[in-house]
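Trainee: Okay, here's what each chain looks like letter by letter:
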Amino acid sequence: MSIFIDENTRLIVQGITGRDGSFHTAQMMEYGTAVVAGVTPGKGGQTFEGPGGRTVPIFNTMDEAVAETGANTSVIYVPPAFAAGAILEAADAGIELIVAITEGIPVQDMARAHAFARDRGARVLGPNCPGLISPGKSKVGILPAQIVTPGPVGVISRSGTLTYEAVYQLTTAGIGQTTCVGIGGDPLIGTNFVDCLEAFAADADTKAIVMIGEIGGTDEQEAAAWVREHLDKPVVGFIAGQTAPPGRRMGHAGAIISGSAGTAEEKMQCFAENGIAVAKRPADIVGLVREAMGL
Amino acid sequence: MSIFIDENTRLIVQGITGRDGSFHTAQMMEYGTAVVAGVTPGKGGQTFEGPGGRTVPIFNTMDEAVAETGANTSVIYVPPAFAAGAILEAADAGIELIVAITEGIPVQDMARAHAFARDRGARVLGPNCPGLISPGKSKVGILPAQIVTPGPVGVISRSGTLTYEAVYQLTTAGIGQTTCVGIGGDPLIGTNFVDCLEAFAADADTKAIVMIGEIGGTDEQEAAAWVREHLDKPVVGFIAGQTAPPGRRMGHAGAIISGSAGTAEEKMQCFAENGIAVAKRPADIVGLVREAMGL
Amino acid sequence: MNIHEYQAKEIFRQAGMPVPPGEVATTPDEAEAIARTYGGTVVVKAQVHSGGRGKAGGVKLASTPEEARAHAEAILGMEIRGLTVNRVLVTPAEDIASEAYVGVLMDRKAQAPTFMVSAEGGVDIEEVAATNPDAIRKLTVDPRYGLLPHQAYWLANALYDDPAIIKQAARVIAQLYDAFRSAGASMAEINPLITTPEGEVKAIDAKVTIDDNELFRHPELEALRDTDAEPWAETRAREAGLSFVKLDGDVGCCVNGAGLAMATMDLVKYYGGDPANFLDIGGSSNPEKVVAALEIITADPNVKVILFNIFGGITRCDDVANGIVEATRRIDIKTPIVIRLTGTNEEEALRILEEAGFSAFTSMDEVVQKAVELAAGA
Amino acid sequence: MNIHEYQAKEIFRQAGMPVPPGEVATTPDEAEAIARTYGGTVVVKAQVHSGGRGKAGGVKLASTPEEARAHAEAILGMEIRGLTVNRVLVTPAEDIASEAYVGVLMDRKAQAPTFMVSAEGGVDIEEVAATNPDAIRKLTVDPRYGLLPHQAYWLANALYDDPAIIKQAARVIAQLYDAFRSAGASMAEINPLITTPEGEVKAIDAKVTIDDNELFRHPELEALRDTDAEPWAETRAREAGLSFVKLDGDVGCCVNGAGLAMATMDLVKYYGGDPANFLDIGGSSNPEKVVAALEIITADPNVKVILFNIFGGITRCDDVANGIVEATRRIDIKTPIVIRLTGTNEEEALRILEEAGFSAFTSMDEVVQKAVELAAGA
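Protein chains in written order, with our numbering: chain A, 1 to 295; chain B, 1001 to 1295; chain C, 2001 to 2378; chain D, 3001 to 3378.
Everything labelled a hint here was simulated from the structure, so no lab data went into it.
For every residue, glycine included, the Cβ atom is placed at its ideal position computed from N, Cα and C.
It cannot be assumed that every hint is accurate.
Which bits of chain D does chain A cover? Going by a derived footprint, with three or more residues having C-beta under 8 Å, they are [said to hold, decoys possible]: (1) 3110-3121; (2) 3139-3150; (3) 3254-3267; (4) 3339-3347.
In isolation and in its complexed conformation, chain A is listed as follows:
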């Protein structure tokens, strides 16, 4: 098993004709993801040429694309000015999981888009996230496929490339994953640590969880509290930003240390207090996972 995506995922790529959209569509098809449609307004009726001679029909609207293909998931590669609109369209068309890769979406747009998705019962992953991958089953987003392998560990991370780093080390050590989820680093994200923990808790194949956080906010602390109260699977945690000076912006709005709350130190201590094994550096994650699983 896995969470959020699996062999039943039927994917629409929103913005399939753009540079990033077309590149990653090919990558996802290569991996075996069922990419059933693309949407680019004004390009309806055209065809995306995928790897191995496979083609994907392109539609003007999500409504048509869903009606024609029965898709349940979409991934968004459209530019920031239109990305929130793409989320609205996907939710309106009945998509259950909307993976928003786009970086730089205005936060006020996202406040509305998240409200709309909640109203329509859709789950948004991201925005400004690398997506997710259920090794051997489906990949939605931009995570590099070569670094994952099927296995018993669930991975959740706020950052993109740091996730790759951790997953890569697990895979290199022979420890596979059920699903790796990048929840994104924006201030307003649709799916947070606790949402992923709940899903991993319910997934019988997931035996341990790696949770990679960052400075800023209190999402990690809430996740730690949830772990203590609800989870009987081992969790290994890592927090990036131990050397970040307070009050400076480190790359994205999610990583501002405001006052005393949200330092790496505070988060690592909170992890430790709630029974989460804390890795001091990415390379320590593998050892702690082995230990936690009794390998």
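Since the structure of chain A is provided, determine the placement of chains B, C and D on it from the hints.
Mentor: Only chains B, C and D this time, still in chain A's reference frame:
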């Protein structure tokens, strides 16, 4: 028993210091309604002097009024420009039943207000309605108390004074009412015939229902279909507007005959086809109720 | 409140919509002069609050200014569905490649604005709805979010194949929603929305109904009201805050509440009489309204009897009684008056009326029978 | 993006808020002239992207133009929390009867704008939140409806007793929300919102942070950016689309992704080194960005080694490799470079780097250890 209001109704009057608000507050108190607070922004801390030396505290905001008094119901007498805002405030404060008497609220304001009330789980009655009365228990709105008496008949009506007429005739004939509800004649109303029928269906004390409709729209037809499918209590119906010429506006937007739908003839026929006894004139209602109840 | 096509087009222009130019003429001379400034073929269109203008001969193509003058001469003064044409719109004729229908109105059931679009434009949308409902695409706007860009695009996508035209039409649809919102409309319609052979999208007819309840926010829209187009009595009624509709009978009705007013008319008919009007004095209790109501009713020479049917809720019977007494002092009323008053403060009201020499009823059937009797005997 | 008080006040004025007049001076002469035009007592306020200006001596009262000049002389050039003051705002002093705090910011947990108001104004709101949380009233705005009138009133009702003042404050709060929305802000704050002895409500300080992601919609706001107030490297980084923060170490870091960048810095520290900067080249794969990154890093004289740590997702390793090769051709780089590349197209990237004479790592620990070693040995 009764529907929507009873002896547990704790009422806030929004716009208690206005001419209509103060007049009808006194009338409601006279009838025995538990008027626990009034709200007029800027008059918080003052006191409404009710009949018999009883007083009602006035607050600046609904939030304070609800917190201080535990009210569950509000009635709105504020001018049209602010009335939709008063509905929003009441719903936001956790009021369960909001009775909007005000006439002339812009329909676009009401579209938002109804959406907000739905989101907050509040029931709106009206706007542009006379309110409701559960004889012997509670009166909310402007229905004249002297024309009702407790008994087994539920009354639902789109128009104000026509309701009084029908109820008055029932009372004069010695047939009392569980609750009389004026749902209002505006294009967008919060509680419709079917909502009231559902409530009366669940009310053990209600043995028969009188439903008074008008030309325009298809609410009566939907109510008739619901009666046939779900209701095992007798219903007597009346439709006003048999002499109205098509295409002319008769007093309010709810009463436009558009195309073939919504004529009095069509509605009366629909009533008859669905097992509702149709009164040709208000004076016939009493006889039909008697007949239906086997009196 | 209905407004004219040329006024609706001005609202559309302010929302940025592609509406061809046009000017209003009230005389054939003006129409000719306007046609001359545009050059080429123009359309002369009757400005009247009614559909079916084309079928009635109220819309004519003119290839010369002289022809425009002749058409204006024929159309001005024409009656369309009982309404006299006082103004014509003169507008350059457009080359039409396709015609679509785009409209938005407040939907009772959805409790929200609802769009209807159809590639079958230029015809009566109710007819399309009845004969070919699949040709209409509908969309209910969530009032919490407004019309979303993808929804405007989805509607436009039902009308056209060409991506460039879909994009233009989606913009027009979004602008139509903005116009609907900002004008406080209950209905706004483009019929037809055309494409030209050059691939341009244009709104060549426009219909907007303003929600009367919005007018306090839009004094500039109230100014659009064409009081020439309505009888004196309706103008007077509106100014006094009354709802009034003239009918052909002889029993003048003055009732509080639209439902009771209709039921009263129905009862007049039931007892063999004929109502002269619908008149709702409304829910407030202002004696001035009664005065206005009596002025309006007595101005109708057909009226043989005046029937009051008042059931007091917000309207207090004593106010109505005072109004009747005051009105009869101010105007010289020869027509017999029969009165029925019941409800809030009815004892006080009956006392006032009796002191003033009136006699009053409490039963609706009795008062209506009396009125019909008086009308028949007069 | 942070903007200055005087710029935030201009945004507030455009929203109709009651903000006293004020003008900016960059020299003592200008400050004196401005003070003279206002007459009476003025306040001279340092314009700098930092709180605590008052405590640092950056806000001074002047009862004469000469005094204003003297204060401006003292404040201009002053350092407040590491930032040099280049401008002062000169504004008439107000009589203050009471001070309140009103702010709105985008709240992560509620996923919506959240207001905070407190009758304890003029002080640090974080301190109030820590020491006396009950003194703060909070309200989350439902983004589907915006700030509703009764909510603005409810917030104002927490601050004042006088109905006339509550009404004014409610209007200011509603206007603040409009300003927050229309400016694409992530934070907007009035501290303090004062009342005067005459019962007027005024915003005498203003702080607004613009959401960088909104700037494409607001070219007029981008123009408010005070590039004088930031080092060259940060300006250059922003223009190239990079995130850059200067630090005090000697290991120049160039990483893709904020999280990995922070983890890399942490690892430098872990192995005994000291990062010279945070630098995230972002998620796109534009070789130009790598060129800019190298220019920025090599401009820091402390840097002894340049450490690349790239894990390819959207960023394709071959693009990064091409960027590094191109950059080293364009600029003369003396500093040793160590590179770690893994992920999408990594084989192609390694080939490119090897062809250009670089050697590359695939382990993060190895490359960091190597960098720290080189920095120590240099």
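Trainee: All hints, please: hold or fail.
Mentor: Outcome of the hint check:
Judged by the Cβ-Cβ criterion of 8 Å, the stretch 3110-3121 of chain D is covered by chain A as claimed, because 3 of its residues qualify and three suffice. With 3 residues having a beta carbon nearer than 8 Å to a beta carbon of chain A, the stretch 3139-3150 of chain D meets the requirement of three or more and the stated coverage holds. For the stretch 3254-3267 of chain D, the proposed coverage by chain A is satisfied: 12 residues have a C-beta within less than 8 Å of a C-beta in that chain, meeting the threshold of three. Coverage of a stretch by a chain is defined here by at least three residues with a beta carbon nearer than 8 Å to that chain's beta carbons; for the stretch 3339-3347 of chain D and chain A the count is 3, and the condition holds.
The structure is consistent with each of the numbered hints, conforming to all of them.
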